[in-house]
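Student: What follows is the residue order along each chain.
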Amino acid sequence: MPRERKKSYRKFGRETFAALTLMLFSLPALLFSIFLTVLKLRTSYRCDGFMHNVCSSGCDVALADRWAVVLGVPISVYGTAFYAVVLGLAVIIGLWPFTFTPTARLPVLVLGVAGLGSSLLLGGYAWFGLGVWCIYCSVLYVANFGIFLSATLLNAEGLLRGLRNGLRRIDLLSGTICWAVLSAFIACVLVQKRLYSHAAADALRERHQHTSLSCEQEDLRALPQTAFELPSEGPPEVIVALFFDLACTHCRREAEFWRTYQQEHRDFLQVEFFHLSADPACGPLDSSPLRQNESCSGALALECFNALAGGDPFVNLERLFALQDQPSPYFSVQNREALAREHGVNGLTECMNAPDTFQRISQHIDFGVRMKLTAPPSALIIPARNGKPFGSALRLRGGAKSKDYIDAKIRESRARSRGHE
Amino acid sequence: MNKLVQRIRALLKPARPRSSAPVPAPPVQALADDVGVTVLIYGIYFTMVVFLGAALYVVFAFVIPGTTPTIPACRGDREGECGEGKVCRAGSCVTEPALLECAVGSSCDGCACLQPNSCDGANVCQSPKLDKAACSKESIEFVKDLQAHQAACVSNAGGEMLSSCPASKVEEFLLNHQGFDRLLKEFPRGLLFLYPSNAPPLDILEGDDAQKYLWPDEATKKHYVEEVKKLSKELKSARHIVLVGRASRGGTANKNFAFAQARVRFARQMLIDALAETHIERSEASKKFIEFALGDVRPLQLDFFLSYSYPAVTWSSQSIHDLSKTLEKLGRNQALTQSERREMEDMINRSVAIFVIPTECSEGS
Numbered sequence: 208m209p210r211e212r213k214k215s216y217r218k219f220g221r222e223t224f225a226a227l228t229l230m231l232f233s234l235p236a237l238l239f240s241i242f243l244t245v246l247k248l249r250t251s252y253r254c255d256g257f258m259h260n261v262c263s264s265g266c267d268v269a270l271a272d273r274w275a276v277v278l279g280v281p282i283s284v285y286g287t288a289f290y291a292v293v294l295g296l297a298v299i300i301g302l303w304p305f306t307f308t309p310t311a312r313l314p315v316l317v318l319g320v321a322g323l324g325s326s327l328l329l330g331g332y333a334w335f336g337l338g339v340w341c342i343y344c345s346v347l348y349v350a351n352f353g354i355f356l357s358a359t360l361l362n363a364e365g366l367l368r369g370l371r372n373g374l375r376r377i378d379l380l381s382g383t384i385c386w387a388v389l390s391a392f393i394a395c396v397l398v399q400k401r402l403y404s405h406a407a408a409d410a411l412r413e414r415h416q417h418t419s420l421s422c423e424q425e426d427l428r429a430l431p432q433t434a435f436e437l438p439s440e441g442p443p444e445v446i447v448a449l450f451f452d453l454a455c456t457h458c459r460r461e462a463e464f465w466r467t468y469q470q471e472h473r474d475f476l477q478v479e480f481f482h483l484s485a486d487p488a489c490g491p492l493d494s495s496p497l498r499q500n501e502s503c504s505g506a507l508a509l510e511c512f513n514a515l516a517g518g519d520p521f522v523n524l525e526r527l528f529a530l531q532d533q534p535s536p537y538f539s540v541q542n543r544e545a546l547a548r549e550h551g552v553n554g555l556t557e558c559m560n561a562p563d564t565f566q567r568i569s570q571h572i573d574f575g576v577r578m579k580l581t582a583p584p585s586a587l588i589i590p591a592r593n594g595k596p597f598g599s600a601l602r603l604r605g606g607a608k609s610k611d612y613i614d615a616k617i618r619e620s621r622a623r624s625r626g627h628e
Numbered sequence: 201m202n203k204l205v206q207r208i209r210a211l212l213k214p215a216r217p218r219s220s221a222p223v224p225a226p227p228v229q230a231l232a233d234d235v236g237v238t239v240l241i242y243g244i245y246f247t248m249v250v251f252l253g254a255a256l257y258v259v260f261a262f263v264i265p266g267t268t269p270t271i272p273a274c275r276g277d278r279e280g281e282c283g284e285g286k287v288c289r290a291g292s293c294v295t296e297p298a299l300l301e302c303a304v305g306s307s308c309d310g311c312a313c314l315q316p317n318s319c320d321g322a323n324v325c326q327s328p329k330l331d332k333a334a335c336s337k338e339s340i341e342f343v344k345d346l347q348a349h350q351a352a353c354v355s356n357a358g359g360e361m362l363s364s365c366p367a368s369k370v371e372e373f374l375l376n377h378q379g380f381d382r383l384l385k386e387f388p389r390g391l392l393f394l395y396p397s398n399a400p401p402l403d404i405l406e407g408d409d410a411q412k413y414l415w416p417d418e419a420t421k422k423h424y425v426e427e428v429k430k431l432s433k434e435l436k437s438a439r440h441i442v443l444v445g446r447a448s449r450g451g452t453a454n455k456n457f458a459f460a461q462a463r464v465r466f467a468r469q470m471l472i473d474a475l476a477e478t479h480i481e482r483s484e485a486s487k488k489f490i491e492f493a494l495g496d497v498r499p500l501q502l503d504f505f506l507s508y509s510y511p512a513v514t515w516s517s518q519s520i521h522d523l524s525k526t527l528e529k530l531g532r533n534q535a536l537t538q539s540e541r542r543e544m545e546d547m548i549n550r551s552v553a554i555f556v557i558p559t560e561c562s563e564g565s
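So the sequences go chain by chain: H and R. Residues 208 to 628, numbered by my numbering, are exactly what the first sequence covers, in order. Residues 201 to 565, numbered by my numbering, are exactly what the second sequence covers, in order.
Keep in mind that the hints were calculated from the coordinates and are not lab data. Check each hint, because a few of them may be wrong.
[What the hints assert, rightly or not] Under the rule of at most 27 Å between Cα atoms (straight-line distance), these lysine-lysine pairs were calculated in the DSS-like manner:
| id | chain 1 | residue 1 | chain 2 | residue 2 |
| --- | --- | --- | --- | --- |
| 1 | R | K203 | R | K286 |
| 2 | R | K369 | R | K430 |
| 3 | H | K595 | H | K579 |
| 4 | R | K286 | R | K344 |
| 5 | H | K579 | R | K433 |
| 6 | R | K429 | R | K329 |
| 7 | R | K430 | H | K579 |
| 8 | R | K369 | R | K421 |
| 9 | R | K421 | R | K525 |
| 10 | H | K579 | R | K203 |
| 11 | R | K286 | R | K487 |
| 12 | R | K525 | H | K579 |
[Stated by the list, open to error] Listed next, with one range per pair, are the computed distances between beta-carbon atoms:
| id | chain 1 | residue 1 | chain 2 | residue 2 | range |
| --- | --- | --- | --- | --- | --- |
| 13 | H | T383 | R | V294 | 17 to 27 Å |
| 14 | H | K608 | R | E481 | 15 to 25 Å |
| 15 | H | H405 | R | Q501 | 28 to 38 Å |
Beta carbons are placed, not taken as given, at the ideal position from N, Cα and C, and that holds for glycine.
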């Protein structure tokens, strides 16, 4: 009978194996979190659609959420610092196991628990709070679980005893290591924060040379600010963005229609009003009758009149629209001054010449043009989720659509906001 | 279940009374040989990561062409792109000795006599002679026709953008006014906006979905505005400002027409920015424009352009130097190469000619 050959395998010490697995998990995770930071920078400040190409099915929502940014930097920045520190510890433990293992056990265990805790918290928030699952983030969740297991492997006493006894055993050396770990983490975050802020500022500077819109506005995940908003009673399921020109008679009727319509559906419908002046003095659109009636001045006057006169913005809107009943040009100096005198408003002209007022109107027009609207009145019917615009909008170019048609479009958008698509 | 509860209790129970000495750390089980193996594994792993990174770089940069396009250092389409003392040549920033601008009446040697000035036979930089607007009967009639054409376009387009007057209508107007360019030249004050290739980028208003090419930047816009301001007195006092947008040949007729429209729109914005000191004045300034987008029909010829006395407003100080250099060559009857001529003709047709029509030449003023 042939003698059975007994294979012998070299066995690693527990600490060496733990150090190797720590490194195996932390290095790819480190690279991946750097990638996520770059992804966030490119989508938030450069709007280059990179996220849409590489990150759909949930992670675009998760990475665009407010939780994705902590103290002004993406959460992945903290992830990068975390993995860098873990990697550093793994290298130290692997190369000098006898010197550093006893003192590095506690910080590794704390990091392992913190990583697992963060994964559970963020994964839970994405699933239960946002209703999505971020595939890319899952890669980091897996890495964090691996790091947690490695940290437990390094601590022969187990999780709770390791933590408890580790705290009791803190002496000068282990205290110094803990302090070094904390400092390294903070330093990594600060260095990245500086790099990120620098890159973001560069991208913003470049971007503001060409547009006044943010990436969120460009992607229809947010709307520009407006004083003329009819909010819904609860979180809106549908948001209508109405684009108007004060000198256009259809716009006056359209504004009235949407005010009445919102009252009928105020439980879920929010309507916001934006300028789309087709006077070249305000932006790229040009319509001769509107230009002749100085509609750009009308838009500036409305913003200022509303700010100076106070009260219900829609009453002020109506007052400005009422200038259409005056002789043309509707928004001439005489007509504007007469209106200001009538309501005891001072400083209208100064306010109209302020750069902020003009910028606000320009932003509305830029936004409208970006949404492929070429003439007032126009409207966007946008599904909303968690009170924010979500998904692509239905465009209504020109006014005077039948109520049945509007009803159908609103129903369609509402179904989309509820995910019935 | 009981076992589990007991284990949890055991875990939570203090291992030793608080008063006792600190718990000794568990012994390190690693072997002395482990370090060598660990170094080896770390080495292999890091090397693998580096190689993987390098392989990905090679694949994306060289194997799959087009995935990482080579970005030129400069495009030569904006002001101050290469910084002081450098100019953009063939996609690279190079140092080129900067020629000072010749003063009017001084010698053209060792300096650049910038357009609209030109070097005369005695090699002296001279400014063009500007006559007063003739306001001939013919030109007054022509202005009347221009206004009528604009009104017709606006009413046909339902009050929308003037420069979107259909190309066929514009051509019809041109057929009826054979002396279109000649007549406009009767108004001696004006500007000629020139644009780099493919600029301004077509956007949503021209039916393009996304603006991939971003132009201009703030410095370039400022350059245009500053150049317009040099003629602000005449522009402010004008009764009408006629804008005629063109495009060079090469693309489709529709695209060229869209480029001409975009150029007119850009020129209009720059004029408003330059002429209106306050936001309220913008509305007043915007009422003066009569706009034409010709596309690539009736291109400007080089010889005709040479007789223009209008200052050219280009996108950068480098481009006006280049233009002046070529014009000087032509003025001295030096032969241009075919590509130089072609480039020059393309450039003068990527333009918007801006004519100032004074009040006295407009009937009913």
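Student: Look at each hint and say if it fits the structure.
Tutor: Against the structure, the hints come out as follows:
no.	hint	result
1	K203/R with K286/R	80 Å, violated
2	K369/R with K430/R	34 Å, violated
3	K595/H with K579/H	20 Å, holds
4	K286/R with K344/R	48 Å, violated
5	K579/H with K433/R	37 Å, violated
6	K429/R with K329/R	20 Å, holds
7	K430/R with K579/H	36 Å, violated
8	K369/R with K421/R	31 Å, violated
9	K421/R with K525/R	23 Å, holds
10	K579/H with K203/R	68 Å, violated
11	K286/R with K487/R	41 Å, violated
12	K525/R with K579/H	42 Å, violated
13	T383/H with V294/R: 17 to 27 Å	55 Å, violated
14	K608/H with E481/R: 15 to 25 Å	37 Å, violated
15	H405/H with Q501/R: 28 to 38 Å	50 Å, violated
Going through the hint list in order, the structure does not satisfy hints 1, 2, 4, 5, 7, 8, 10, 11, 12, 13, 14 and 15.
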